[in-house]
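K.L.:
If you want the building blocks of each chain, they are given just below.
Protein chains: 2
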Amino acid sequence: MAMIRIAVDCMGGDFGLPVTLPAALAFSARRPDVELHLVGLADKLEASLAQARPPASVRQRLRIVPATEVVTMDDKVEVALRRKKDSSMRIAAELVRDGKADACVSAGNTGAWMAISRYVLKTLDGIDRPAIAKALPNHMGGVTVILDLGANVDCTAEHLLQFAMMGSALVSSVGHRERPTVGLLNIGEEAIKGNEVVKQAAELLRGSPLNFYGNVEGNDIFKGTVDVVVCDGFVGNIVLKSSEGLAKMLGVFIKEEFKRNLFTLLIGAIASPVLNRFRQRVDPRRYNGAALLGLRGVVIKSHGSADAYAFEWALQDACDAVTSGLLARTAQTIAQMTGAPAGGAGQADGREPVPHGENA
Amino acid sequence: MAMIRIAVDCMGGDFGLPVTLPAALAFSARRPDVELHLVGLADKLEASLAQARPPASVRQRLRIVPATEVVTMDDKVEVALRRKKDSSMRIAAELVRDGKADACVSAGNTGAWMAISRYVLKTLDGIDRPAIAKALPNHMGGVTVILDLGANVDCTAEHLLQFAMMGSALVSSVGHRERPTVGLLNIGEEAIKGNEVVKQAAELLRGSPLNFYGNVEGNDIFKGTVDVVVCDGFVGNIVLKSSEGLAKMLGVFIKEEFKRNLFTLLIGAIASPVLNRFRQRVDPRRYNGAALLGLRGVVIKSHGSADAYAFEWALQDACDAVTSGLLARTAQTIAQMTGAPAGGAGQADGREPVPHGENA
Numbered sequence: 001m002a003m004i005r006i007a008v009d010c011m012g013g014d015f016g017l018p019v020t021l022p023a024a025l026a027f028s029a030r031r032p033d034v035e036l037h038l039v040g041l042a043d044k045l046e047a048s049l050a051q052a053r054p055p056a057s058v059r060q061r062l063r064i065v066p067a068t069e070v071v072t073m074d075d076k077v078e079v080a081l082r083r084k085k086d087s088s089m090r091i092a093a094e095l096v097r098d099g100k101a102d103a104c105v106s107a108g109n110t111g112a113w114m115a116i117s118r119y120v121l122k123t124l125d126g127i128d129r130p131a132i133a134k135a136l137p138n139h140m141g142g143v144t145v146i147l148d149l150g151a152n153v154d155c156t157a158e159h160l161l162q163f164a165m166m167g168s169a170l171v172s173s174v175g176h177r178e179r180p181t182v183g184l185l186n187i188g189e190e191a192i193k194g195n196e197v198v199k200q201a202a203e204l205l206r207g208s209p210l211n212f213y214g215n216v217e218g219n220d221i222f223k224g225t226v227d228v229v230v231c232d233g234f235v236g237n238i239v240l241k242s243s244e245g246l247a248k249m250l251g252v253f254i255k256e257e258f259k260r261n262l263f264t265l266l267i268g269a270i271a272s273p274v275l276n277r278f279r280q281r282v283d284p285r286r287y288n289g290a291a292l293l294g295l296r297g298v299v300i301k302s303h304g305s306a307d308a309y310a311f312e313w314a315l316q317d318a319c320d321a322v323t324s325g326l327l328a329r330t331a332q333t334i335a336q337m338t339g340a341p342a343g344g345a346g347q348a349d350g351r352e353p354v355p356h357g358e359n360a
Numbered sequence: 001m002a003m004i005r006i007a008v009d010c011m012g013g014d015f016g017l018p019v020t021l022p023a024a025l026a027f028s029a030r031r032p033d034v035e036l037h038l039v040g041l042a043d044k045l046e047a048s049l050a051q052a053r054p055p056a057s058v059r060q061r062l063r064i065v066p067a068t069e070v071v072t073m074d075d076k077v078e079v080a081l082r083r084k085k086d087s088s089m090r091i092a093a094e095l096v097r098d099g100k101a102d103a104c105v106s107a108g109n110t111g112a113w114m115a116i117s118r119y120v121l122k123t124l125d126g127i128d129r130p131a132i133a134k135a136l137p138n139h140m141g142g143v144t145v146i147l148d149l150g151a152n153v154d155c156t157a158e159h160l161l162q163f164a165m166m167g168s169a170l171v172s173s174v175g176h177r178e179r180p181t182v183g184l185l186n187i188g189e190e191a192i193k194g195n196e197v198v199k200q201a202a203e204l205l206r207g208s209p210l211n212f213y214g215n216v217e218g219n220d221i222f223k224g225t226v227d228v229v230v231c232d233g234f235v236g237n238i239v240l241k242s243s244e245g246l247a248k249m250l251g252v253f254i255k256e257e258f259k260r261n262l263f264t265l266l267i268g269a270i271a272s273p274v275l276n277r278f279r280q281r282v283d284p285r286r287y288n289g290a291a292l293l294g295l296r297g298v299v300i301k302s303h304g305s306a307d308a309y310a311f312e313w314a315l316q317d318a319c320d321a322v323t324s325g326l327l328a329r330t331a332q333t334i335a336q337m338t339g340a341p342a343g344g345a346g347q348a349d350g351r352e353p354v355p356h357g358e359n360a
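Here the protein sequences come in this chain order: S and G.
Following the UniProt record's numbering, the numbering of the first sequence begins with 1 at its first residue and continues without gaps.
Following the UniProt record's numbering, the numbering of the second sequence begins with 1 at its first residue and continues without gaps.
Simulated from the structure, these hints should not be mistaken for laboratory data.
Do not rely on the hints blindly, as some may be mistaken.
Chain G side only, calculated, beta carbon under 8 Å to chain S, not exhaustive [unchecked claim]:
{"hint": "1", "residue": "150"}
{"hint": "2", "residue": "187"}
{"hint": "3", "residue": "208"}
{"hint": "4", "residue": "209"}
{"hint": "5", "residue": "213"}
{"hint": "6", "residue": "219"}
{"hint": "7", "residue": "241"}
{"hint": "8", "residue": "254"}
{"hint": "9", "residue": "269"}
{"hint": "10", "residue": "270"}
{"hint": "11", "residue": "274"}
{"hint": "12", "residue": "319"}
Don't be surprised by glycine CBs; every beta carbon is placed ideally from N, CA and C.
With the hints as extra help, turn the sequences into a complete structure.
P.N.:
See below:
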């Protein structure tokens, strides 16, 4: 079986190498079927790697790919795209474009990562705009995929329909569900008077071959009413960030209650095995990776503030997308719906035999 | 000191009398300064009251106001407004209009309650559209007021500015803050390309005498970055419902962990005093009441699924709005900003001396 080749932007995110490299080494040690292309400032990368001294079994599956520039978290999109043509971010995307990697991962600036990966890889036939998708845990013990999470602020009904296709393809490939249910995020009773775009999108979805459930409300995301929740990037981003904020606040509150006095501290120590299990279960680091869908390649975005454990999960997401054939499934879903050639993504699907220039 | 007079729609909500009456009696017993006007189907109301047998000290501060119709949770807005002219919901609003009550409360259908209270009470001068506002707990140990939560799906920049005025007035009166900070809900880094309406609203807010903080993101709601968060009703409703859904899911997860086996059950029993304090602190029932702002009268909406404890909090919110002079403060804020006559709300402000027809 061919190696899964992941290009990693080692300089991205709030922390850069101190997070990405340990994550890459730990992940590589767990996954002998994976080859990592570590992209970054060569001297820093070499020095960090020398210090980490990975075992030979890991080291032989690491390739260092030098870049001379770094996109910072504050860089404007234009700067990142037009003036830093040799950034680690850009080179990671180019490795995928050139068939040298099957997927790329960055924890850098979302706007820049979206713009660069779109510029380098282009969108799939039948897709106007890429979207950011993420899996969130739900009541049912599974996950709900929600998109778009901020790539597209103003969306037409057609865009929402395309998001639905891409989300469906993600769940049917990575989530192994044959006909994922799709819900359109709306506000229930007031919907009749409401948002014209959402009403039109519902019409389009009803007429599509997708498994459209109908409108869903905010609470349905965590209930697990449907497999895929579709919304525009403005709403999706606010829902995601407010959920992160609420979860954090509840975590702080529960800690405060256990820290109230010596007696509650003692109770906290006794309850810690149970509380830790709970924390692990809802640990946002496990849901770190977001997929940039609609591109001719697998592109994963890690949270900028990710630690090494969280970044490992983003690498895991990249592997899952590759092994499950996400790109082929997406192209197939689009072809079913629009008549666009399903082969459009074939060349970018890393599982196809492509020249292994760098690995030769 | 004059009595605070609250009109209660006793038939509204998922449960009607079995929830609203016990709540009214308990609240009345705690608050000898409050007189409740219980509006509902006379025979049912009388029967329930006879069965409850409140002490004379409570009974003498209860007025029964008969209605012959009930707005159901599924009634279309048109039906509620045009065909049920003698509904308990409508009469509760009319008591405020006629100066017989200082505020009205219903747990009924949101769309109908908004339409009826707007039709009966009219909007304040300078306000185009009423908005739904709610206080949510935040990290700082205080609350963040967020509006609109679903009354207005499509908003202009001017509407958002008006929401900011109303939210400011709510926090400065009920929350006793002199110059509440106002944040505009947006999605951060992508904002430059983003939503035109929000960009225009930011301009308007910057030029207004309000204490405008700038854009805030979803996580700022629970961080307590600002006192008031402004957004359109589509976004606000989805944020509120997804937050409710997430909190519920986390509650279920934590329960499941403690119910895993006999050992964890025992730990749960030991930890229960601390867990209960935590639960009380974040109990959504304490944040039940939402205010319908921008009307010529104090109108409170309770969650449809509220139990008696939650409904009591909605009654509490109505009292707080009356005693803090919310209406006068709102009219004053609008006058400062638009030059509209501040007296516009005077006649509807229940704290002004008005004829006490029914109490005479």
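K.L.:
Indicate, hint by hint, whether the structure satisfies it.
P.N.:
Each hint, compared with the structure:
| no. | hint | in the structure |
| --- | --- | --- |
| 1 | 150 | holds (6 Å) |
| 2 | 187 | holds (4 Å) |
| 3 | 208 | violated (23 Å) |
| 4 | 209 | violated (27 Å) |
| 5 | 213 | violated (16 Å) |
| 6 | 219 | holds (3 Å) |
| 7 | 241 | holds (3 Å) |
| 8 | 254 | holds (5 Å) |
| 9 | 269 | violated (10 Å) |
| 10 | 270 | holds (6 Å) |
| 11 | 274 | holds (5 Å) |
| 12 | 319 | violated (27 Å) |
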